[in-house]
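*Asks:* Line order of the protein sequences matches chains A and B. Position in the first sequence (first residue = 1) + 10 = this note's numbering. Position in the second sequence (first residue = 1) + 10 = this note's numbering.
Don't take each hint at face value.
[To be verified] Here are the computed lysine to any residue pairs in the SDA-like style, where the Cα-Cα straight-line distance is at most 25 Å:
id, chain 1, residue 1, chain 2, residue 2
1, A, K345, B, G349
2, A, K42, B, G278
3, A, K135, A, H293
4, B, K360, B, E53
5, B, K345, B, E53
6, A, K292, B, K27
7, B, K275, A, N47
8, B, K27, A, P352
These aren't lab readings, by the way, just hints derived from the structure by calculation. This one's a predicted model, so the numbers in the text were calculated from it and none came from an experiment.
There are 2 protein chains.
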Amino acid sequence: MSARREAARQKPSGPIKVGLIGLGTIGTGVVKLLRRNQRTIDEKVGCGLRLVRIADLDLTRGRGLRLPAGLLVRDARRIVSDPEIDIVIELIGGLEPARSLVRAAIESGKSVVTANKAMLAVHGKELFHEAREFGVDIGFEASVAGGIPIIRVLREGLSADRNLSLYGIVNGTSNYILSRMQEEGREFGEVLAEAQKRGLAEADPSYDVDGVDAAHKLALLARLAFGAEVPLERVPAEGIRGLSQTDLSFAAELGYTVKLLAIAKNVGEEIEVRVHPTMIPKHHVIASVSGAYNAIYLQSEALGSSMYFGLGAGMMPTATAVVADVIEAARAIIKGCQGRVPALGFPNSKRLRIKPLGELRSEYYLRIMAMDRPGVLAEISSILGRNDISIATVLQKGRKIGGAVPVIIRTHEALERDLNRAVRAITGLKSVRGRIVRVRIEDNLG
Amino acid sequence: MSARREAARQKPSGPIKVGLIGLGTIGTGVVKLLRRNQRTIDEKVGCGLRLVRIADLDLTRGRGLRLPAGLLVRDARRIVSDPEIDIVIELIGGLEPARSLVRAAIESGKSVVTANKAMLAVHGKELFHEAREFGVDIGFEASVAGGIPIIRVLREGLSADRNLSLYGIVNGTSNYILSRMQEEGREFGEVLAEAQKRGLAEADPSYDVDGVDAAHKLALLARLAFGAEVPLERVPAEGIRGLSQTDLSFAAELGYTVKLLAIAKNVGEEIEVRVHPTMIPKHHVIASVSGAYNAIYLQSEALGSSMYFGLGAGMMPTATAVVADVIEAARAIIKGCQGRVPALGFPNSKRLRIKPLGELRSEYYLRIMAMDRPGVLAEISSILGRNDISIATVLQKGRKIGGAVPVIIRTHEALERDLNRAVRAITGLKSVRGRIVRVRIEDNLG
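Isolated chain A (complex conformation):
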């Protein structure tokens, strides 16, 4: 292994040679960007950078690119096994064959750049270890928050500080839908359908609107922010499907904006990770992040608050992150300093306890649809009281929806476990109809 490691460290003569696997949307953006800024990129790298081969299963589709004959091949093995190639860009996504190709590239001494957060969520540990063993780099800036250089920021920009909490708007589709609902007073289903028509949401939108994508990103962000292991299956995720126009307008009335937030906090030896719709003060800087934009808002011990804002998806924004990683990998090859920074910023990850969601202490917004008859509020209040939940505000506006009226309750800080018990009991009341909507409130983002 050590001999191979040494082999990997030999500096190339002439330009750095790059192979690209996967010529889909992002891949096409990467080719365009490399061409458009070739002169500047060559200058920055010092000895030039050449895209020498592209592999994709589809050799015929037009992509608005004119590719020289022979550049595009079908077999990705022709990239990972080519001794001429220094850096491999992996943009096919998914677990396999992505992982095997990345492993093969690393084992041939090539640095890798990827946007594949699913692969990193599942196989990251193994691949980062492998890269370290073989003395190569893995760049993955594009895997989280697209064009926002949040991985560099966490890994190097804030390397001297200790992060306390992270609030991310990291799913552009959900943020777009929520923003439209709030700005235009429309319902979820309607805005989703329109977003699908406009190509801003997938035909099956669950990955985005149910918080799954945000949970993937949060697992990676929390590792980078706190240097702790965060297994994906320990990140509870709740999406935005359950929210209606009624909730958004009551939120506004209470002084809040609703965002799908990916939240991670480090308190002592514990960390807290969760994805869910959250009410945040409407004048807070992260509340002004609307449309398809992403943002990561951090609290750090010495720095205090900071925020990083930009487009988290899309062909060209994501391509900028991929190519920035290629430039960094190329500089490392030229200088012989692969592995300069640990992949996740910390050389070893801490084992911190992940606090179960039931132990969360939060304020809550509750919308209970109840029959408009005397004594209902008394029943509800008494259940909340028995569960140690005290009420901060009650709004009852008599907007009748199917015979029932919304009772809006804003609680003081309560334990999630207690709240769940209370919600179950209230749901069972005779005068209560349907599902109770529950949104966590974050008043102190800092």
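Position chain B against the provided structure of chain A, taking the given hints into account.
*Replies:* Quick look at chain B alone, frame taken from chain A:
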């Protein structure tokens, strides 16, 4: 020189040794941060990091630090000439002796970390060249926007893209004063006096409130963003003293917030740089940056909009940037890859024409204090018309101030040179009193 260069590249055995020159506010923060996070920093650097000497002219002042005997010395030469020291942190500010000390450190093969933007504005070119010659690094993240890692973002995060424009709120004092004026309806003088009492503004506030500090930062940011030479003396700067409560409330009525912006744009072979109060749409994300916070809002060709937000000054925020640079310099020494990235991101700076302010095309807000008599508006309009300036909105509210009423005009896009001519002519009208307030409007930040 080449022998010395080689000497500089030898990797140290044992921990990296750091010397600190200047134990003022930021220096004290640096010592605190290095101590507080020592274990993590040692792990990140790999072979440990030790602060082995501090130089300051004042050996007696208590700084809330307990320093081991002999650590603090008076003579900074004992740091720059000590062959044991690998990295020198320069925090004394000003031009001399800072520059001579930094040169001496570089020439002894030491990497340098500095927060001294005045020194870099004047001697940056020489010092960066010198560092390259001697194979060492100069880290200067702390010199612009304090704890916001904007230099890393511009130099590496966005290295694949082409930046088009930059809008910075980079002076915390001015932003604090404007925010308080807008939120509380108070006047400049009153808020300034209070900020001075609270230690948020200097006794002589001109460096901050007259845009000088912002111009220094803009010169550096524009170089990093566009790779072009931007001599400090070519950056026109106008501060916030001329703004009154009247202007802020009219701005709000027109849908704007007023911010002191540092603006740089690259259009073709020209760049535009300027610092001045600017009206921006009040729902724009950068309009929500209030209090002492800083933010840099960028438009880039492929990425689109992005923004970087945080505290631009203060002991601990600035210290985080200094120590992050120290960690990066230490990693480079260990890996032997000093000079991995050109100091300003681009190896060579382009020579772009700097567009004179007179050639600016902008929309303008004008406040003209005029006697409330018939025909005044006609006179004003006719002067504007003769100078090719067309009016978008006129507000006349009859709020009498010293016998005159404010006439508020929002123009369509006009040439600055034409506007200046018109303003001079209007000022000369018999029925016009005092100075005309003129604020540029930026409607399309993207």
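*Asks:* Going through the numbered hints above, which ones does this structure break? Give me the numbers in ascending order.
*Replies:* Numbers 3, 4, 6 - these are the hints that the structure violates, sorted from lowest upward.
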